[in-house]
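The lines below spell out each chain.
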Amino acid sequence: MKQSITLGKVTKFMGLGFLTTLKDLFTGKLDKEDFKSFLRKVVVPIVSILLFVGLWHMGAKTLYNIEADFKINKALEERGQAAADAEAACIASGNVTCQPNSLPSPAQVWDSYKSLLRDHSTISADKAAFKEKTAALNEKRIAEGKNPIVYTGRPSFVDQIFRSLKTVFAGFLLALVIAVPLGIFIGLSPTLKSAFNWFIQIFKPVSPVVWYLLVFMIVKTLLIDSSEDSSFTISFISVGLCSMWATLVNTAMGVSSVDKDYINVAKVLKLGTFQKIFKVILPSSLPLIFTGLKITISVGWMVLIAIELLAQSPGLGTFVWEEFQNGANDSNAKIIVAMFVIGIIGFLLDRLMLTIQNSVSFVKTDAI
Amino acid sequence: MAYLQLNNVHKTYVQGEDEVLSNINLTIEEGEFVAIVGFTGSGKTTLVNLINGLLQPTRGEVLFKGQPVTGTSHERGVIFQNYSLLPWLTVGQNVFMAVKEAFPKTPKKELNQMVANYVDMVSLTPAINKLPRELSGGMRQRVAVARALAMKPEMIIMDEPLGALDALTRGNLQDEILNIWGKDKRTALLITNDVDEGIYMADRIIPLRPGPNATLGPEFKIDIERPRDKTELNDNENFKQTRNAIIEYLMDIGNERKAEAQTAYALPDLTPKDFVNQFK
Numbered sequence: 011m012k013q014s015i016t017l018g019k020v021t022k023f024m025g026l027g028f029l030t031t032l033k034d035l036f037t038g039k040l041d042k043e044d045f046k047s048f049l050r051k052v053v054v055p056i057v058s059i060l061l062f063v064g065l066w067h068m069g070a071k072t073l074y075n076i077e078a079d080f081k082i083n084k085a086l087e088e089r090g091q092a093a094a095d096a097e098a099a100c101i102a103s104g105n106v107t108c109q110p111n112s113l114p115s116p117a118q119v120w121d122s123y124k125s126l127l128r129d130h131s132t133i134s135a136d137k138a139a140f141k142e143k144t145a146a147l148n149e150k151r152i153a154e155g156k157n158p159i160v161y162t163g164r165p166s167f168v169d170q171i172f173r174s175l176k177t178v179f180a181g182f183l184l185a186l187v188i189a190v191p192l193g194i195f196i197g198l199s200p201t202l203k204s205a206f207n208w209f210i211q212i213f214k215p216v217s218p219v220v221w222y223l224l225v226f227m228i229v230k231t232l233l234i235d236s237s238e239d240s241s242f243t244i245s246f247i248s249v250g251l252c253s254m255w256a257t258l259v260n261t262a263m264g265v266s267s268v269d270k271d272y273i274n275v276a277k278v279l280k281l282g283t284f285q286k287i288f289k290v291i292l293p294s295s296l297p298l299i300f301t302g303l304k305i306t307i308s309v310g311w312m313v314l315i316a317i318e319l320l321a322q323s324p325g326l327g328t329f330v331w332e333e334f335q336n337g338a339n340d341s342n343a344k345i346i347v348a349m350f351v352i353g354i355i356g357f358l359l360d361r362l363m364l365t366i367q368n369s370v371s372f373v374k375t376d377a378i
Numbered sequence: 002m003a004y005l006q007l008n009n010v011h012k013t014y015v016q017g018e019d020e021v022l023s024n025i026n027l028t029i030e031e032g033e034f035v036a037i038v039g040f041t042g043s044g045k046t047t048l049v050n051l052i053n054g055l056l057q058p059t060r061g062e063v064l065f066k067g068q069p070v071t072g073t074s075h076e077r078g079v080i081f082q083n084y085s086l087l088p089w090l091t092v093g094q095n096v097f098m099a100v101k102e103a104f105p106k107t108p109k110k111e112l113n114q115m116v117a118n119y120v121d122m123v124s125l126t127p128a129i130n131k132l133p134r135e136l137s138g139g140m141r142q143r144v145a146v147a148r149a150l151a152m153k154p155e156m157i158i159m160d161e162p163l164g165a166l167d168a169l170t171r172g173n174l175q176d177e178i179l180n181i182w183g184k185d186k187r188t189a190l191l192i193t194n195d196v197d198e199g200i201y202m203a204d205r206i207i208p209l210r211p212g213p214n215a216t217l218g219p220e221f222k223i224d225i226e227r228p229r230d231k232t233e234l235n236d237n238e239n240f241k242q243t244r245n246a247i248i249e250y251l252m253d254i255g256n257e258r259k260a261e262a263q264t265a266y267a268l269p270d271l272t273p274k275d276f277v278n279q280f281k
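So the sequence lines, in the order shown, correspond to chains X and L.
With the working numbering applied, the first sequence covers 11 to 378.
With the working numbering applied, the second sequence covers 2 to 281.
Calculated directly from the structure, the hints in this document are not laboratory data.
Mixed in with the good hints there might be a few duds.
With a straight-line Cα cutoff of 25 Å, these simulated BS3-like cross-link-like pairs (lysine-lysine) come out [to be verified]:
#1 L:Lys153 / X:Lys286
#2 X:Lys230 / X:Lys214
#3 X:Lys286 / L:Lys106
Isolated chain X, as found in the complex:
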């Protein structure tokens, strides 16, 4: 039986139901009755976004003025009226050397965003040129059995995003590989449950920073011979260990709380242990396992920034930290750009998990 797949179904499936209303608006299918839902689903979010930006703008302006007044007053107290006037003139002229350094306004953030994109295209061009230049040489080096020359320039913002994504996915896979099977075993066996319970309770609340240090201690020794940079390994293992607890606990709970009716069915049909686990217990605990995985990927993405920052593993965390240390005029704005990018990617990761969940699980979950 073939079912027609409409945009509405797909967007609802992915937890992006509000897009349907937008589509109806453009195709002119919007009825009067739908108008209310259109207002609620499209107009209200847009208004609230505008309100948010407005508040942000005003807040940023206030903070800017506080900082500017403080600077002028300080100049007045320490160096007299002339210095204060010069400071005020300097601030008004927009000269970068004397700008108050506070919360950037939306406009500044937007500018930084564009400058980061420009920076990315410059670096990409650079890289392409470098590759072209070294292509012939590298071929020769490979033929001679030497390592090819690689581009070692500064990574762009977009590169950092992809590196962070790589780290979070590696960490997520690690969490998946450890937590799901372990959770199933713990859920199935009360003995294992009591054996692991203290372990879970104690390690679950441990902070990402401590996880990082622990992993650092171990990996450093294990990779003592290697000349490779171990920061990626350390950060993805830390992310995985930090974020796997939600999946572990949810899987164990899902497996141990399978509906008794289904267990009875398995008994009456006399399913073998293997069959029982794969045909009855796992499918019925999938919704909870996925809830755990969804939390895991969100937590992973959240702690990633802190861990990258500590591990100096390339990625958004390092980017944020470097910008903060940098203290350039637009550093704060760049940090805010990174914040939004982190938030949006986190949201997309969550929706990705929801889409996977809806395509494999029998319970369809609506997005919140």
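Following the hints, complete the assembly by docking chain L onto the known chain X.
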């Protein structure tokens, strides 16, 4: 030798607490259709689970063809009260899982044929690829019937199979179950709370006195020719008598229970405060 025999069966869930079932004695012969009627919460499901092997008696023994029941078996098919279909499998897959377990050596093609046959028998062929949640309650229960029967059990145990259905669907399914039962005269045990259903379907009706300490009451034989006709049944003297006798018996138990509960409570000697006169 009796086909299924329960000897002095007692069942407690928690040691030291009241027994759910006490002193149950039941004998079912091969090919018989026996109904057990009782109030909700009287321990009917516990009784069923003892017979199908999901539970073990605390005392006494359950014998199936002379052998004590120690676990579930493909020889005893069960239709559960709440369908118990696996919601992530389609109708066909639910039935297929059962036949695959019951006949592990049969080639897949034949198994598929069997699935198709049984789904057709409960007239659900158009819905074979649907998930249980896309079906109505009656359709789901028919899938459960098909799943239980597809394993070709020697005995069918039904635990209030039609309890959650509306009267019309209920009537149709009763006929369907009787039809299937009539074809090869398997032994059947029906647990129900509907006396009419019991009389219409069974050879014998045994009331279950409500728990705790539930036990079986005297049996009522139904001597009405098969196939029975629902509309004619209403004018059948025999039917009326049996029905009244069973209902009277059940009502008596109900009244007894109420009478037991009529212990006098010592009330404190209180009179309401007089607020009206207070403000005069």
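Each hint tested on the structure:
1. L:Lys153 / X:Lys286: Given that 25 Å is the threshold and the Cα spacing comes to 21 Å, the pair holds.
2. X:Lys230 / X:Lys214: holds (23 Å)
3. X:Lys286 / L:Lys106: OK: Lys286 (chain X) and Lys106 (chain L) at ~19 Å, within 25 Å.
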